[in-house]
Amino acid sequence: MALPKRIIKETERLVAEPVPGIQAIPHDDNLRYFDVSIHGPAQSPYEGGVFKLELFLPEDYPMTPPKIRFLTKIYHPNIDRLGRICLDVLKANWSPALQIRTILLSIQALLGAPNPDDPLANDVAQRWKEDEPGAIATAREWTQTHAAP
Amino acid sequence: MSAKVPRNFRLLEELEKGEKGQGSDACSLGLDDGNDIMMTNWNGTILGPPHSVHENRIYSVKLHCDEQYPDVPPTVQFLSRINLPCVSQEDGKVDPTKLQCLGNWKREYTMETVLLELRRFMASGNNKKLPQPPEGSTF
Amino acid sequence: MGNTSTKESRGASPPPHHQHRNSRSFSGPSSSAYAPDMERAGSSSLRLGRRHRGENFEAALLGLNLAQHRDREREREREEGPYKTREERRAEKEAERRKEREKERERSMAEESVDGGYLVTVGVYTGPEDYNLKVVRQLQIERRLAPFWKGIPDHESDWTDAQLVAAAQGKDIPDADAVIPPSPTKPANEDLNRLTVPMATRSRSQSYGSDASPSSSTGRLSSLSLSSSPLAGFSRPRSKTLGFSRSSSSNSAPVETNIPSKTVNNRPIEAVLYENASECPICFLYYPPHLNRTRCCDQPICSECFVQIKRADPHIPEHSPPGSPAPQPVDQDRRAHAGDQLVSEPASCPFCKQPELGVVFTALPWRRGLVYANQTHPYGIQQQSHLSHSSNTSSTSSLPVPGTPTRKKTSYAVNAPEVITTDRIRPDWATKLAHAKNQAARRAAAATALHTAAYLMHNMSNQTSSASSNPFSSRRILRRMNNSSGSMTPNGGSGTVTPAAASSTTNIVPEVPEPTPAAPATQSAALQNVLRRARMVDLEEMMLMEAIRLSLAEEEERKRKEEKEKKEKEEANAEAERAAARLATSAPEPSRMDLGKGKGLAPRVDTISIGRRSEDAQSSPTIGFGTSSHHLKIQRATSDVSSSASSMKEPEAGNSDEDDGTEPIFNFQSLAQTLMEAEDGEANGNNVAGKGKQAENVENVAPLKKEADTTATGEEPDTADSKTAVRHESVRVLGQETA
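Protein chains in written order, with UniProt numbering: chain A, 1 to 149; chain B, 1 to 139; chain C, 1 to 739.
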């Protein structure tokens, strides 16, 4: 079976109506594999950073969620050292009515609203809870070091 | 044509399989550096197969997955000393031409496949009787 | 590796003798030395005295190992021959499955249709189809679920009929002035009026498997004046020709009838259908605008997508924000829960997330293709009685008026008769869940028994050497016998057996004779056995190493929580009832064993109270595996089985007291197998009390390595720790009692 129409259409629409601050471009040799970049939301410690991610649409997408992870190092309680993201809509709360677009927006929103109570990176979450200003400062530092555009 | 899982997501799958305990009981696998976003170097262990000189031994190996994995096989190197035809006695490197799963590598194979095949190799024919260096010695 | 092989061996489940004998044939040079012991183990009657029992232990160890070896050998055998990895075999199977499906699809698409759609999926999704094909087929013929219309990738509102037909047939879209190519199958002279069958109300349909009145249905059938209808000629019991056996309604299988016309009101059916095509919001393909609509939020969803949506596989309920990928706390929880905690929530709506997705399909005003003969007459059938079993309520209120294809309501209750839920087309979900639960419970119980037994032995050995110094052990033994393995002792303990645990009873009892005393009186006997087998500590070691690979710590952790719950329950009843007696018979430690030996209930109670008492005072763990000297010896031996033989025999001779010493062997074996079996299940997807520990670290703490280290140093930090934890926990619980 060729690439499902849904994936083709989603891709076309991502190109036709791009989301501000988000870019997703499929690899030439694998149209299910996207290079993604997300701009850190304003007023967040990630502001000014451009974060690279990779996204893959598995065989049974959209019945199963896309696989996504950060390639840029980021200091965030819900993102671990390998860039894996703890986000409900990427796991149990995935719905086939969601799309690449909506998922990327959710991730951008997660940057703006870290949730240390549901952590993936335990040490970061701990720090976030105990010393939020410090954690935010670190996140900002990391953004400058690793996510400079 | 079914979806072709890119390298990084494939390696994540392999990692998570181990993390969730879904892997084989006869071997194990972990990242060498938990901070390495490219997940290049791995450590594996193989539990020596029963009914062989390797029984109850535990062998440590290093696996290296380069940019082209899984289109090309990982390179494998024993850390634990072992006397096995496919393993260089110089440095413990596994000769890919002497281990079928490496020589005839297929994209569906995983690092676990390699470890299990190595284990099977240890238990096969003469290999299970080969005299072995003292347990715990390393290359 | 062992994961897949155990299934096989279990299937045959030969008696232990067999296993030993079989395993001999596999014995390489390294194991042949033990063959005599294995033989003895197999024929217990030949063995007398404690020395031999010692060998039996050893044999048990070997038997266990060999049983596994046998599995592995078998797997290896299977893997030999043409070189194939498991992945390749799986891929082959998958390819075969696809081919089959493709064949059936072709046949069905050529022969069968419903209102211009099909009864088989047309390939939007490529994964396995695990919905119930028969149920879906029937619902589609009944017009309760949209047929599998072909989704078209693009659609323009100004397409001509010719263009629409081409699009629906998957051809290139012709110019707007193209004419429709003549269809060879198109009947020449149709009486369109007669072929347009008035719509029967949806609720009139028979539900699969719920056909309430076979006799009435045949009666209905005959009452239909089919002979006067052009339909009669096409009528045939398709269920038979297709080889379907409709289990519960076989004698009243609806007779399928075909309305072969390819046109509607003189227009090609495709043109009519796709004229105002609408996009399915999930697969992004265009379908006739008559799609299923969600019961909750009235969103369209094509059948192809709908049949893909299902419950999640059975899993441990998640806390906090649902769907969070099991971070540490959840992981621990997961381990702590037994199988009865498994849940599988109904699929929720992809659009509004309301639980229990269901769809409503409003049939077209006309019909083509397959219909059920006994439903073609709009007034021939009494309604009500054959609504879905789950939906017998209030059908009158929502009966659609015949001929009105519009949805009457914007939302429907999940049990409304029109609603088709995801469970409806996967009736086996409950079975699956029950199976998963059973698996988990089985595993938990087996693990418990195994650990209990291994633990008992160690404790008892501690005890005999320093009986008064370690009161905890016997209390613990007894408590465990009553409680932890409560699922296995229906009449033995005071424990409140939970439903899930009870359900596992049937599975476990036959396999676990030893830790399941039939009556309290025999518990003390079991205690004796346990004492005798003090040396079997290393059985645990070896099982850890070789066989189970289940972290003791995790099991203990899980057990601990489980017991905590049970314990709390018990406080309320049985235990409390005996409090007086217990207090009355409380005695200093040294008497414990004596009491425990001969009597049934009372001594048991007695030891419990003593254990509790002294435990209160005791704050440092005395139970760790690393503390006993012979343990260390045995640790060393694990890498060299032959040496372990002597190390085991020796203490055994010093310690054990007599009698029937063979069952434990088989016990352990079967327990271990049960465990492996359960692990098997786990590997298959019920990742229950998983080895979650490993999940803690992204990087390399290769579990094997860890174990190797512990073996080398003769320490079991995990085990010891968790046991201490268990103990403290118990102290707490029991402490309350005293207070």
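It should be emphasised that the hints constitute simulated quantities derived from the structure, not laboratory data. As the structure is a computational prediction, the values presented were derived from the model and not from experiment. A hint or two may mislead.
Said to hold, decoys possible - Capping the alpha-carbon separation at 30 Å, the derived lysine-lysine pairs in DSS-like fashion look like this:
1) Lys52(A) x Lys310(C)
2) Lys432(C) x Lys134(C)
3) Lys91(A) x Lys17(B)
4) Lys5(A) x Lys561(C)
5) Lys310(C) x Lys5(A)
6) Lys98(B) x Lys62(B)
7) Lys128(B) x Lys73(A)
8) Lys91(A) x Lys432(C)
9) Lys93(B) x Lys128(B)
10) Lys134(C) x Lys103(C)
11) Lys20(B) x Lys129(B)
12) Lys91(A) x Lys98(B)
13) Lys93(C) x Lys432(C)
14) Lys9(A) x Lys99(C)
15) Lys93(B) x Lys20(B)
16) Lys103(C) x Lys17(B)
17) Lys310(C) x Lys17(B)
18) Lys432(C) x Lys103(C)
19) Lys5(A) x Lys73(A)
20) Lys20(B) x Lys4(B)
21) Lys73(A) x Lys98(B)
22) Lys134(C) x Lys17(B)
23) Lys432(C) x Lys9(A)
24) Lys52(A) x Lys20(B)
What the hints assert, rightly or not - These stretches of chain A come out as covered by chain B in the derived footprint (C-beta under 8 Å, 3 or more residues):
25) 30-36
26) 140-149
Glycine included, every Cβ here is placed at the ideal spot set by N, Cα and C.
Structure-based check of each hint:
Among the hinted pairs, lysine 52(A) with lysine 310(C) is inconsistent with the structure: their alpha-carbon atoms are about 33 Å apart, more than 30 Å. With a C-alpha separation of about 18 Å, the suggested pair lysine 432(C) and lysine 134(C) falls inside the 30 Å cut-off, and the hint holds. Under the criterion of a C-alpha separation no larger than 30 Å, the hint pairing lysine 91(A) with lysine 17(B) is consistent with the structure, at around 16 Å. Straight-line distance between C-alpha atoms of lysine 5(A) and lysine 561(C) comes to about 49 Å, which puts the hinted pair past the 30 Å bound.
A C-alpha spacing of about 22 Å is found between lysine 310(C) and lysine 5(A), which places the hinted pair at or below 30 Å, so the restraint holds. For the hint linking lysine 98(B) to lysine 62(B), the alpha-carbon distance of about 17 Å falls within 30 Å, and the restraint holds. With a CA separation close to 46 Å, the supplied pair lysine 128(B) and lysine 73(A) exceeds the 30 Å bound. About 22 Å separates the Cα atoms of lysine 91(A) and lysine 432(C), which keeps this hinted pair within 30 Å; it holds.
Between the alpha carbons of lysine 93(B) and lysine 128(B) the distance comes to roughly 19 Å, so the proposed pair stays at or under 30 Å and holds. Distance restraint check for lysine 134(C) and lysine 103(C): the Cα-Cα separation of roughly 17 Å lies within the 30 Å cut-off, and the hinted pair is therefore satisfied. A hinted pair counts as satisfied when its Cα atoms are at most 30 Å apart, and lysine 20(B) with lysine 129(B) does not qualify at roughly 34 Å. Restraint check for lysine 91(A) and lysine 98(B): not satisfied, since their Cα atoms lie roughly 42 Å apart, outside the 30 Å limit.
A distance of roughly 22 Å separates the Cα atoms of lysine 93(C) and lysine 432(C); the hinted pair therefore holds under the 30 Å criterion. Only pairs whose Cα atoms come within 30 Å are accepted, and lysine 9(A) paired with lysine 99(C) is accepted, the gap being roughly 28 Å. As the CA atoms of lysine 93(B) and lysine 20(B) are separated by approximately 29 Å, the hinted pair is consistent with the 30 Å bound. Note on lysine 103(C) and lysine 17(B): the hinted pairing is violated, with a Cα-Cα distance of about 35 Å set against a maximum of 30 Å.
Between lysine 310(C) and lysine 17(B) the alpha-carbon distance is near 23 Å, which keeps this suggested pair within the 30 Å criterion. Between lysine 432(C) and lysine 103(C) the CA atoms are separated by roughly 28 Å; this keeps the pair inside 30 Å, and the hint holds. The hinted pair formed by lysine 5(A) and lysine 73(A) fails the criterion: a straight-line CA distance of about 34 Å is larger than 30 Å. Between lysine 20(B) and lysine 4(B) the alpha-carbon distance is near 23 Å, which keeps this suggested pair within the 30 Å criterion.
The straight-line distance between the Cα atoms of lysine 73(A) and lysine 98(B) is roughly 39 Å, outside the 30 Å bound, and the hint therefore fails. Between the alpha carbons of lysine 134(C) and lysine 17(B) the distance comes to roughly 35 Å, so the proposed pair goes past 30 Å and is violated. Straight-line distance between C-alpha atoms of lysine 432(C) and lysine 9(A) comes to about 36 Å, which puts the hinted pair past the 30 Å bound. For the hint pairing lysine 52(A) with lysine 20(B), the CA-to-CA distance comes to about 27 Å; that is within 30 Å, so the pair holds.
With 3 residues carrying a beta carbon less than 8 Å from a beta carbon of chain B, the region 30-36 of chain A meets the three-residue requirement, and the given coverage holds. Residues of the region 140-149 of chain A with a Cβ under 8 Å from some Cβ of chain B number 0, which does not satisfy the need for three, so the listed coverage is violated.
Checked against the numbered hints above, the structure breaks hints 1, 4, 7, 11, 12, 16, 19, 21, 22, 23, 26 and satisfies the rest.
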